[in-house]
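Given the sequences, and given the hints that come with them, work out the whole structure.
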Amino acid sequence: MRDIYKGYRQEAISLMKKFQIRVWSEILITTVRGEFSGIVLPRSEKDDERHLVIKIASGYNVGIALDSIVTIKELGYREAHYHIPEKEFPFSKGKKRIKLLGTGGTIASRLDYRTGAVIPAFSPGELYGAVPELADICNLSTEKLFAVFSENMGPAQYKVLAKAIEEAVVEGYEGIVIGHGTDTMHHTAAALAFMVQQSPVPIVIVGSQRSSDRPSSDAALNLIHAVYTAAESDIAEVSVCMFGPTSDEYGLIHRGTRVRKMHSSYRSTFRTIGDIPLAMVHAGKIKYLQKGYNKRRSDRTISIMPTFEEKVAMVYYYPNMQADIIDSLVANGYKGIVIAGTGLGHVNKPVYPSIERAIKKGVAVYMTVQTLWGFTHMFVYDTGRDLMSLGVIPAENMLPEVAYVKLGWALGQTYDLVKVKKLMLTPVCGEITDREPYNGYLVFQGGVPEVEEFIRKHHK
Amino acid sequence: MSKIDKSEMQGVGSRSVEPLLSFKQADPSFYKAIGFTCGLEVHQQLDTKEKLFCHCPARRYQKPDEFDGEILRHMRPTLSELGEYDGTALMEFKTRKEIVYRLQNSSACTYEMDDTPPFTLNREALQKAISLAKQFKTSLVDELHITRKQYLDGSIPAGFQRTGIVGVEGEITLPHKNIRIIQISLEEDSCRQIADRGHTRIFTTDRLGIPLIEVVTYPDMKTPQEAELAGQYIRYICRSSNKVRSGIGAARQDVNVSIVGGTRVEIKGVAHLRWIPELAHNEAVRQVVLLRLRDELGKRIHNPKRWGIRHQAVTDHLMIQAIRDKYGHIVKQAAFIGLVLPRFKGLLAEATQPGKSFANEIEERLQVIACLEGHCMIHSDVNDPIFSTLFSHVAKMLKAKKQDAMILFWAPKDDVETALETIEERCRLAFEGVPKETRKSLPGKITVFERVLPGPDRMYPDTDSAPIPIDHENADDFEDSLPSEPYKQISQLKVWQIPKDLHHHILRHNLFTHINRLYTDYNFPPTMGAKLLGQTLKHAIRCFGPSPDFSLERIYELVQFVIDQKLDLAILKPMLYLVYKNPQDEFSDILKKLHFKKVSLNKIRSKISQLCDDFKKVRRSKEIEAKKRWIMGQLRPLAIGNISLAQLSTLVERGGADA
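Chains as they are written, first to last, in the working numbering: chain A, 1 to 460; chain B, 1 to 659.
Hints are supplied without guarantee of correctness; some may be wrong.
What the hints assert, rightly or not - No farther apart than 16 Å at their CA atoms in a straight line, the calculated lysine to aspartate or glutamate pairs in the EDC-like style are these: (1) A:Lys460 with B:Glu70; (2) B:Lys436 with B:Glu364; (3) A:Lys457 with B:Asp464; (4) A:Lys457 with B:Asp68; (5) A:Lys457 with B:Glu364; (6) A:Lys46 with B:Asp464; (7) B:Lys137 with A:Glu35.
Just so you know, the hints here were simulated from the structure itself, not pulled from any lab data.
This is the structure:
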């Protein structure tokens, strides 16, 4: 049976029954405070149960308290039907074939203005309706793999994605774009960088920081940049393509193993850490910033290793961290632990015994730095040396999240800790670098005169 | 003689341009005859410390070229409810308007940049909005829902304004009728536009986010004058609440005008209430003219669907040079396009507003939609000998007939297509009459095209904020403290016999409550209160400019002081100037500055007989009054504050003797 009281609860439902109205009824309400007329809207289940929401003629929504209602008269019924317009994605001879894999991020979507629900646009036709510029770049096919939020992406989804990429490459697609929520985009990027190796074509992950139902959204431009990168760039690696500055200007192509979401809401949230981005993309041009990347090939060979041990944890160290945290991980059967240590890769002495117990039990323990920038250097202080003697392995300049993903991937292949160590410390795709360039760490400080001058001159 | 097509006879070529009915000539019967209706949307900033959705301070304005950083955005049209893009929005998008925001740290944070979601709604603003919604007698909602209202012009970096309804269905009482209020909403103010040239539009973000209420009336006003009056009353109510800001830009109104057969046209951003009548009148007349044009076109063109323009690039160097010589600003790479508007002859010159013709309606759209800069076209309906050769060339090139009109425009090559679509679209709209659009008011009491009136489906629930329950119990506390309505205040002013020319000033600056309080607290005569606040203070402000430390509370203290010191009330006037100038000064010091000395009645009286003698020495006139005037003049500085001038006058008349 259809729910005619969408989102409303007990008291509201009995009132709606009493006056014989339902969601989408056009009504005239008399309350102790005056009269209101409009259409009854569904109510969000998170909201309280004391109000009825109606859309009044001017398009605004207002809430009416149930206990103020004297009487309601139904004048009509107008149910909202919403669909995204589809226009056939035009085929252009000579343009590259690109596959867009959907995971559920709302790279192109439309808010249902009556319910507030986001309806994702996804088929090529829908995307063409929303971002017609895509047709100037490529011939697009799409495949919806999941419909999950970014935070629900995990090992099971990484594996499905890796297989879908392999299929698309074998089928002859010349570039792959993955639509993804932004929160855990860098985890997925790292996972795919390890699971999919020697791809002959670019694999570009993209999302948006502002949903595409708003005129100022970054979604369309990000999608245009990503599709262009997939079709035209020479970078046959897993990368993330998102806004460079917050302004509608260029996109940056970040290596999948060195990228991190660095701001909870800025458009320019993705930054390459400890290195410079691979390239810039803007207005139909790619400007390469790095030379050492895997080049596009015309063959169709690709190797995938879709494995992942889920019993791996990441521990963010803080002063006064209690040793029992490590103990409980071991007791719960964890096979690997990545510590984000302070400074050059440290934790305090009281934790040592529990780390020692873990290692003796065969748990792989790796050290990364919570400073994000810089290498672990565990020879510098006694603390570091002590930890190494306990068997903690420094993970060079791997980002904590990347080390976590890589350890899961490595333990997925083998529990032989010697082999795991070899996998962990052999760079696959830039997750460990030989050197940190001087311009790999640039966190400008506002207020400093020369920085202020720079900001005045260049769009942020 | 062969038969001539009747429609061809009419107007074509020989059509004389009818003069416009000026504002001064129009009387109420004119408005009644054309079915004039007008509604207002009044935007009034609330006086709050912070902005509506972030903690930036409200009202720290920057100068146009003062900024710490800039960001660049494009506004992309989103799908409408029916899944279609708005035609004009898409056209505008094609021409890529680059929108630049100038940010200053002191007035903007990442919220203004649309790089952070909204913080919780400013409670101070909500309380003030609720109180005002009650004063407009609206039914308060029980739960405030924040809604997104889309704007593609760039005035809001997010592309939408956050707004919510506080109350619906209210009314205000004018002296002769009631005006109904549709709704009152609480919303964030938009950016200030500082430049719009070609493909770039520049805004500052200082004003963005300041809380304001929007009061929307029904189209109940039937004359332009009534619209102004309603505007004044709305302002009186806002001001009397003490909850709103005043000053430049703190209150702005949109004026919606329509006539029978016309369309609701929205005149945006009318900065002064006194502009309303003439703007509304001119808009009504514009609609009359556009309807007349529609009728004329109906006679000339029987099947509008088959009507279309023809165009071709003009490449003749001599012709192009002639245009370049006349309009120096044309860019080097511009293309020159000639086009024919079949059977439009004479219509382009038809006056639509003072100093403007139908051709301007086209040119303004070219500037806004196709982003063409400045003067960008000429047409064949203007008798300019320089261009007659030019248009005969265009006519030949495009095989134009006698009854056709021609346009020649210049534009960067990339904008030509949009420009052609824009011209054809505006001409097609002429077949229907008055296009739905928003227009911008110019100080010269006329308007220019701003944008196509957005459809009703641009409202979205704001997924970033939860509904806010309105606390009625708290809100009800305000009820007793609500000031009385303007019409009641005016009738009280009449009872007090306060001169009519002071009424507007008193209501506009919310002085009524103060006059009333002086009267009830100190038994201070309202006529004196009105003069003190409505004339002396106003004059002091004009003389000395703003005095940041001065508040009206100081006037109460001053009155208290004068009464306590048993001074005559006439001393208040000179004292007020000095109090306003130096609010911190002790009142006793101000008296010293005025050289005031406390003297007894007897002392003054004794001086009179002395002065009578002195007068004999200096007298030049034999007039009896001369003596009195002279003595009064001598004694006035001494008397003021000690005795009233009326008392002094009587004393002088009696030569110092008591009554």
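Status of the hints after comparison with the structure:
1. A:Lys460 with B:Glu70: Holds, because 6 Å separates the two Cα atoms, which is no more than 16 Å.
2. B:Lys436 with B:Glu364: Holds, at roughly 15 Å.
3. A:Lys457 with B:Asp464: violated (32 Å)
4. A:Lys457 with B:Asp68: Given pair Lys457 (chain A), Asp68 (chain B) holds - Cα atoms ~9 Å apart, limit 16 Å.
5. A:Lys457 with B:Glu364: This hinted pair is violated, its Cα atoms lying about 32 Å apart.
6. A:Lys46 with B:Asp464: holds (13 Å)
7. B:Lys137 with A:Glu35: Roughly 12 Å between the alpha carbons, so the hint for Lys137 (chain B) and Glu35 (chain A) holds.
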